[in-house]
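Asker: Listed below are the residues making up each chain.
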Amino acid sequence: MIIDAHVHVGVSTAYNFSASIDDLLRLADDNGIDKLFVTDFTALIHDMREGNDTLGRSIRQHPDRILGYVSIPTMNFDNGALEEIDRCVHEYGMRGIKIYSYPMIPLVRPSVFPVLERAASHRMPILAHSTAEECEVMASRVPEAFLMMAHSGNTALARGDWMRAVQAAERHPSLLLETASSAVNNGSLEYTLSRIGAERVIFGTDMPLLEVSVQMARVSGAAITQADKDLIFGGNMARMLALET
Amino acid sequence: MTVWDFSGFVGAWGYWPLKERTGADVMALMDAHGIERAVVGSTRALESDWRLGNSDILAAAAESGGRLVPFVTIDNTQSGTSELLAEYAAAGAKGIRCYPSHHHNTLPLQLEPLCAAAQDHGLIVTLVMRAIMDWSFPVAAVEPFEGLIAQFSGVQFVIHGLNYGQEAWHGIRLLNTYPNVWLETSCLQGLGGIARWVAHADVSRILLGTGVPLQYPACGIAKLEKAEISAADKEAIAHRNAQRLLAYST
Numbered sequence: 001m002i003i004d005a006h007v008h009v010g011v012s013t014a015y016n017f018s019a020s021i022d023d024l025l026r027l028a029d030d031n032g033i034d035k036l037f038v039t040d041f042t043a044l045i046h047d048m049r050e051g052n053d054t055l056g057r058s059i060r061q062h063p064d065r066i067l068g069y070v071s072i073p074t075m076n077f078d079n080g081a082l083e084e085i086d087r088c089v090h091e092y093g094m095r096g097i098k099i100y101s102y103p104m105i106p107l108v109r110p111s112v113f114p115v116l117e118r119a120a121s122h123r124m125p126i127l128a129h130s131t132a133e134e135c136e137v138m139a140s141r142v143p144e145a146f147l148m149m150a151h152s153g154n155t156a157l158a159r160g161d162w163m164r165a166v167q168a169a170e171r172h173p174s175l176l177l178e179t180a181s182s183a184v185n186n187g188s189l190e191y192t193l194s195r196i197g198a199e200r201v202i203f204g205t206d207m208p209l210l211e212v213s214v215q216m217a218r219v220s221g222a223a224i225t226q227a228d229k230d231l232i233f234g235g236n237m238a239r240m241l242a243l244e245t
Numbered sequence: 001m002t003v004w005d006f007s008g009f010v011g012a013w014g015y016w017p018l019k020e021r022t023g024a025d026v027m028a029l030m031d032a033h034g035i036e037r038a039v040v041g042s043t044r045a046l047e048s049d050w051r052l053g054n055s056d057i058l059a060a061a062a063e064s065g066g067r068l069v070p071f072v073t074i075d076n077t078q079s080g081t082s083e084l085l086a087e088y089a090a091a092g093a094k095g096i097r098c099y100p101s102h103h104h105n106t107l108p109l110q111l112e113p114l115c116a117a118a119q120d121h122g123l124i125v126t127l128v129m130r131a132i133m134d135w136s137f138p139v140a141a142v143e144p145f146e147g148l149i150a151q152f153s154g155v156q157f158v159i160h161g162l163n164y165g166q167e168a169w170h171g172i173r174l175l176n177t178y179p180n181v182w183l184e185t186s187c188l189q190g191l192g193g194i195a196r197w198v199a200h201a202d203v204s205r206i207l208l209g210t211g212v213p214l215q216y217p218a219c220g221i222a223k224l225e226k227a228e229i230s231a232a233d234k235e236a237i238a239h240r241n242a243q244r245l246l247a248y249s250t
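Those sequence lines, one after another, are chains A and S.
Just so we're aligned, residue 1 is where the first sequence starts under this note's numbering, counting upward by one.
Just so we're aligned, residue 1 is where the second sequence starts under this note's numbering, counting upward by one.
The set of hints was computed from the structure by calculation and includes no laboratory data.
Every residue gets a Cβ at the ideal spot worked out from N, C-alpha and C, and that includes glycine.
Don't take every hint at face value.
Label-pair distances were calculated between CB atoms; the ranges are [unchecked claim]:
#1 173/A x 15/S: 45 to 51 Å
#2 167/A x 32/S: 27 to 33 Å
#3 143/A x 144/S: 46 to 52 Å
#4 46/A x 12/S: 27 to 33 Å
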């Protein structure tokens, strides 16, 4: 089973994308992806409740294909985030939480730790668009949370320092690395697995921003075993969410 | 699909552990991914010593049975460019790679002697906006180079390393404005990027690049294979355009 752990739905004028759930499912079908773990862009940077509700309705329409992140804007960490997490779990069965460095302010602030703790209490993975340094702080403070570092450091925000991300994951067993990135450095996945194993590497595409086939090929074309590819493509996420495979 | 890669490299790599260092290593990786031929530049010329790097790349190409097509790099502050390029062309170089953001933050006017010499010697000039798509690497803007492209209409310019957004649109505009501009795809990572380029630009001047061995070659090939364009356009991008462009080179 292939699970894409990094998917955006909605419209972003800033990032020049627009994708409905149906658009995303077509992309998934074209690329052999079984399930999409989705964050709503409106929820992430505009209106948390409106966006999460929109995604929740899509989950109800496609319960076998769509997994939902409760998206929490940074400014809302101490402004209704905990209630929103509980609401989205109970109303829509959302399985994860997305936190995002927008605007360009630190995710690590006192108000983030209760969000991580609530995620841990629900056994929800957190997809964090963040730096290795921030992830280290969060993983240190709330080691019981499953923290997934979006892009594994391959962002402008994290200065493209994916090796620093690997170091962070080596030091913190609860930190996982998610693969979506424009950067497709040959040998990076092999190096990552040599340091932390395949069990903490999670496949993502960042669709509809990045070319899905490239993100698939980054894993399928790497010089790693098929068993490790299977873990990365979906086995790890299925285990974390206790999904039937 | 026959694949020619326009954005290969040969040499040691200082930024992360990389197994493929020699020409033979790179060709083995090319074999694993069905890449028949690759235009290659020296990582040493990119990172440190351009003279030694050029020696490396010419030697690797000479031992490759024609599979590695060497492009050299010249320090743009160097005098005697024309004589140097004549030597390199005689030794088998087919073109030049310029790295404006890596080398002195090069201004277009500093490349004028190089372009004049390239024109004289029938060499292709690659303007590398990004060596690879890596967020820790410097990026050059393509717009300032328009005057250079217009000035040297007898030079074929390959713009290397554009990704999505405005930089892609600037590249497409240059390709559509100047018949001596070509774009390569190694850093184009946006969803449907190749199809978008084909929809807006002359497909006959789009070149496949994977960035082998610095980037996973499977990624560069997959985005062409999955692109929603015609089979003929895929063939053109995969190798036919590169064959035609390299025929310009003496």
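Asker: Each hint should be assessed against the structure and marked as holding or not.
Answerer: These are the hints, each one checked on the structure:
1. 173/A x 15/S: 45 to 51 Å: Hint violated: Cβ distance 27 Å, outside 45 to 51 Å.
2. 167/A x 32/S: 27 to 33 Å: Taking Cβ atoms as reference, residue 167/A and residue 32/S lie about 29 Å apart, which means the hint holds.
3. 143/A x 144/S: 46 to 52 Å: holds (49 Å)
4. 46/A x 12/S: 27 to 33 Å: For residue 46/A and residue 12/S the Cβ distance comes to about 47 Å; the hint is violated.
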